[in-house]
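A.B. asks: Here are the chains, one letter per residue:
There are 2 protein chains.
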Amino acid sequence: MKENDFVKEITNIDEDFARWYTDIVIKAELADYTDTKGCIAIRPYGYAIWENIQNYADKLFKKTGVKNTYFPVLIPESLLEKEKDHVEGFAPEVAWVTEAGGEKLEEKLCIRPTSETIFTTMYAKWLNSWRDLPFVYNQWCSVLRWEKETRPFLRSREFLWQEGHTIHETEQEARERTLKMFDIYVDVAENFLAMPVIRGRKTETEKFAGADETYTIEVMTYDGKALQSGTSHYFGQNFTKAFDVTYQNREGKKEYPYQTSWGISTRLIGAIIMAHGDNRGLKLPPKVAPIQAVIVPIAIHKENVKEKAQELYNMLKDKYRMEIDLREQVSPGYKFNYWEMKGVPIRIEIGPRDIENGECIIVRRDTSEKITVSLNELENKIKELLDKIHINMFNTCKKRMEDKTMVAHNLDEFQEIMSKEQGFIKAMWCGSSECEAKIKELTYATSRCIPFEQEHISDTCVCCGKKADKMVIWGRQY
Amino acid sequence: MKENDFVKEITNIDEDFARWYTDIVIKAELADYTDTKGCIAIRPYGYAIWENIQNYADKLFKKTGVKNTYFPVLIPESLLEKEKDHVEGFAPEVAWVTEAGGEKLEEKLCIRPTSETIFTTMYAKWLNSWRDLPFVYNQWCSVLRWEKETRPFLRSREFLWQEGHTIHETEQEARERTLKMFDIYVDVAENFLAMPVIRGRKTETEKFAGADETYTIEVMTYDGKALQSGTSHYFGQNFTKAFDVTYQNREGKKEYPYQTSWGISTRLIGAIIMAHGDNRGLKLPPKVAPIQAVIVPIAIHKENVKEKAQELYNMLKDKYRMEIDLREQVSPGYKFNYWEMKGVPIRIEIGPRDIENGECIIVRRDTSEKITVSLNELENKIKELLDKIHINMFNTCKKRMEDKTMVAHNLDEFQEIMSKEQGFIKAMWCGSSECEAKIKELTYATSRCIPFEQEHISDTCVCCGKKADKMVIWGRQY
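Sequences listed follow chains A and B, in order.
Residue 4 is where the first sequence starts when you use the numbering used here, and the numbers rise one by one after that.
Residue 4 is where the second sequence starts when you use the numbering used here, and the numbers rise one by one after that.
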């Protein structure tokens, strides 16, 4: 195989971003299509990314008192139907089990598209007194939503996620929990995955089916589109009333608790690919990368090279997530391309002359910079570079988001911008869903969120021209 | 609530063991029944046990090169049907999705009862050369088997497990992998969960549908029954041939790889309850216990008691999994019973006089022994006691298994033993499935395994009297 075959096999990122994306998913061996239409198999390299995200997030969850649980994958139809908005939102896209154990079922069961209904049912059973509150439970599991058009990680029919479901004594406590988990999602995206996010609240049209409020983190992709990458919902008493969840309050009276739910999913892997990747392939943020540095020996058959490379590997393998590429049937150039395509943040090259000089060469995946490093300083240098790479990758995305965020004062400007280049648009909005629908119809852009950081652009709605006091971020979504 | 209410609420273990078991599951808040018939919700205390098992096993897996993945929960009917024995074994107990996204499906999809079929299909896609081998993949997920009679953890329709699926270049390597994973299961059961096991091979009748060989660990419950608690299967080329998984071998010729699969599940939680529990409730082995020691302050309103208890908690909480019970609405006696019922290995009592003396009292859950310990020595003493408790719990089970294992030379002896007391029977077997069937019909005992540790009891089959050279362990199963 030629040295540049990898790169040639990947569609040019600026020519066809969607194809580039699926090329990366397949070639970097993150996932693959299966015989179950619309469902992927997540391969070890992709799953290791998910495990790292899980470990990071789960620790943060537990620090705030979250407890993990597991609830059934199957939900009876009658439960799904108890909350009106919820069933309207989810029933059209669920999969139904109608036969089991050789018999037709009396009541059909859906595979969970989300588990508010079954958590709330059990909370009704377990809750007695205000002393029992809060319930702050979570589960890591898979859910199924029968999407018409699918895309690996971004819109798979089945995907992995965590769903937290909590109930609280007071509205204030529930609202605080909603935002506390939201803050953790921001932390995961920005501090762990090097992806700057827009923080905001969804409009009525875009919020979760059955929620009072939905908070979202929105990532901008390489091509300027929006990816909803984590949501946290405040439900008020919508579900606890529909499911008759009550308790004796401090005054001995019957009361309904206040509820939240929140989730992040394997869609984050899609976001990493789309936010960070380039024409050489995947580019993984150092903290989540399954392999943080790979050692490639040069002139592997020369005396002492293999041994020295192995020695370095042994020295580093307990400090960093390391790989060593000792394949003899492919050239160093092939290996360079291979590990770049796999997105490994740091490559360490070591050949006969380097060994003589007590040095090696480090190559950064993010900048392609080559750095000669003394072997004595290697261990510390890797740490330093991984930190730098994280910051640089974050800043690169940040700058892109700033460059590709425009301001529109009226519909003409809005359409003009959207027809030229993909990106976010900041524009005022009156609050009506008709204006949202019109903008979507004309530009395919949807309201991403009402960001926490508001700016005063004008006093009038970008669409209808009526009085407006909310700035909305708009964009086309994946 | 009275001090002994907990104990009273639990059925006597010697009167009705099955009811005692479900009482423990519910009262210790390990799991609960749901509106989805035959499926349980695993509550935080139960799930924490599973997480501890996962962490322990997953580390051991990874040390041997296992990589985690995630494959679809839905398997098309046509895939399930490809291996004859497999489909015969599993088809009768699967659940079928027949509608999704508002439409009837062209091909129905089953919820995975196990994933040999879909792993093998993807292996066919990914495997090219001998250089790609082995694939040593695993997934932690839930599976569904539509059992007629269910019991929480032991026989839930849905249960959590891990399923490893590997393919190898040679028969020898595959056989070694089968036994390597088997050894890890022995490690999990004995060293982590303090449950001695019988190691052995299943007979033709009892082995996994589609496997050449099935290895099993069998646990004996409090009432002398058998619990299959982990299995490892060698498949030969059965599935790789049925699914046409081929590769170019070292000579450039087309070859089929050799396959294994292996799994442990949340059934282990049921095994823990049934192997260790007693009339005071659950009794958790120290290494898996979500709470290893609980601090109960005595005379909590007396000066300095609460503060001192809190101080101890703070000192110990990073060394052990600690809990402190500061509830003011219930008595110390209530708390003792509560935490005993929850199976916490160590209770630490501290009251005004103890504080005066610079001491506290430790009570062991396994022996009820009370030990006065100087506060200076507390930290080390806990470590020492947790180790001792583990050993004692293991030995208690071991002794029971020895006491309740009898030898039978003929069918009369076999029936006689089984009619008196529940337990294991060691007996010679000729190898015919007719004899197995007859023994099952007459005594409800099944062949648990052909143990690795063989003994020569006689030369003739316990059932038919013909020549026999295998000793089998028999028992009634849960």
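Don't read these hints as lab results, they were simulated from the structure.
One should not assume that every hint holds.
Which copy is meant is left open, so a pair is good if it fits within one copy or across any two.
Using 25 angstroms as the maximum straight-line C-alpha spacing, the simulated DSS-like pairs for lysine-lysine come out as follows [stated by the list, open to error]:
hint	residue 1	residue 2
1	Lys429	Lys151
2	Lys66	Lys311
3	Lys85	Lys40
4	Lys70	Lys322
5	Lys290	Lys473
6	Lys30	Lys128
7	Lys244	Lys40
8	Lys40	Lys87
9	Lys373	Lys66
10	Lys322	Lys423
11	Lys128	Lys40
12	Lys469	Lys443
13	Lys290	Lys62
14	Lys473	Lys386
15	Lys65	Lys290
16	Lys320	Lys65
17	Lys70	Lys30
18	Lys70	Lys320
A.B. asks: With reference to the structure, classify each hint as holding or not holding.
C.D. replies: Verification of the supplied hints:
1. Lys429 - Lys151: Result: close neither inside a copy nor across copies, 30 angstroms intra and 58 angstroms inter.
2. Lys66 - Lys311: between (42 angstroms within a copy, 24 angstroms between copies)
3. Lys85 - Lys40: Classified as between: cross-chain Cα gap 18 angstroms, same-chain 30 angstroms, threshold 25 angstroms.
4. Lys70 - Lys322: Classified as between; 20 angstroms across copies, 30 angstroms inside a copy.
5. Lys290 - Lys473: For Lys290 and Lys473, neither the intra-copy (36 angstroms) nor the inter-copy (55 angstroms) Cα distance is at most 25 angstroms.
6. Lys30 - Lys128: between (49 angstroms within a copy, 13 angstroms between copies)
7. Lys244 - Lys40: between (38 angstroms within a copy, 24 angstroms between copies)
8. Lys40 - Lys87: For Lys40 and Lys87, the Cα distance is within 25 angstroms only across copies (24 angstroms; inside one copy 30 angstroms).
9. Lys373 - Lys66: neither (40 angstroms within a copy, 33 angstroms between copies)
10. Lys322 - Lys423: Neither. Shortest intra-copy (47 angstroms) and inter-copy (60 angstroms) distances fail the 25 angstroms Cα cut-off.
11. Lys128 - Lys40: between (38 angstroms within a copy, 16 angstroms between copies)
12. Lys469 - Lys443: So Lys469 and Lys443 pass the 25 angstroms test inside one copy only (18 angstroms; across, 82 angstroms).
13. Lys290 - Lys62: Classified as both; 15 angstroms inside a copy, 20 angstroms across copies.
14. Lys473 - Lys386: neither (43 angstroms within a copy, 59 angstroms between copies)
15. Lys65 - Lys290: both (20 angstroms within a copy, 20 angstroms between copies)
16. Lys320 - Lys65: Intra 28 angstroms, inter 15 angstroms, cutoff 25 angstroms: inter-copy only.
17. Lys70 - Lys30: between (37 angstroms within a copy, 18 angstroms between copies)
18. Lys70 - Lys320: For Lys70 and Lys320, the Cα distance is within 25 angstroms only across copies (17 angstroms; inside one copy 32 angstroms).
When the structure is compared with the earlier hints, violations turn up for hints 1, 5, 9, 10 and 14 and for no others.
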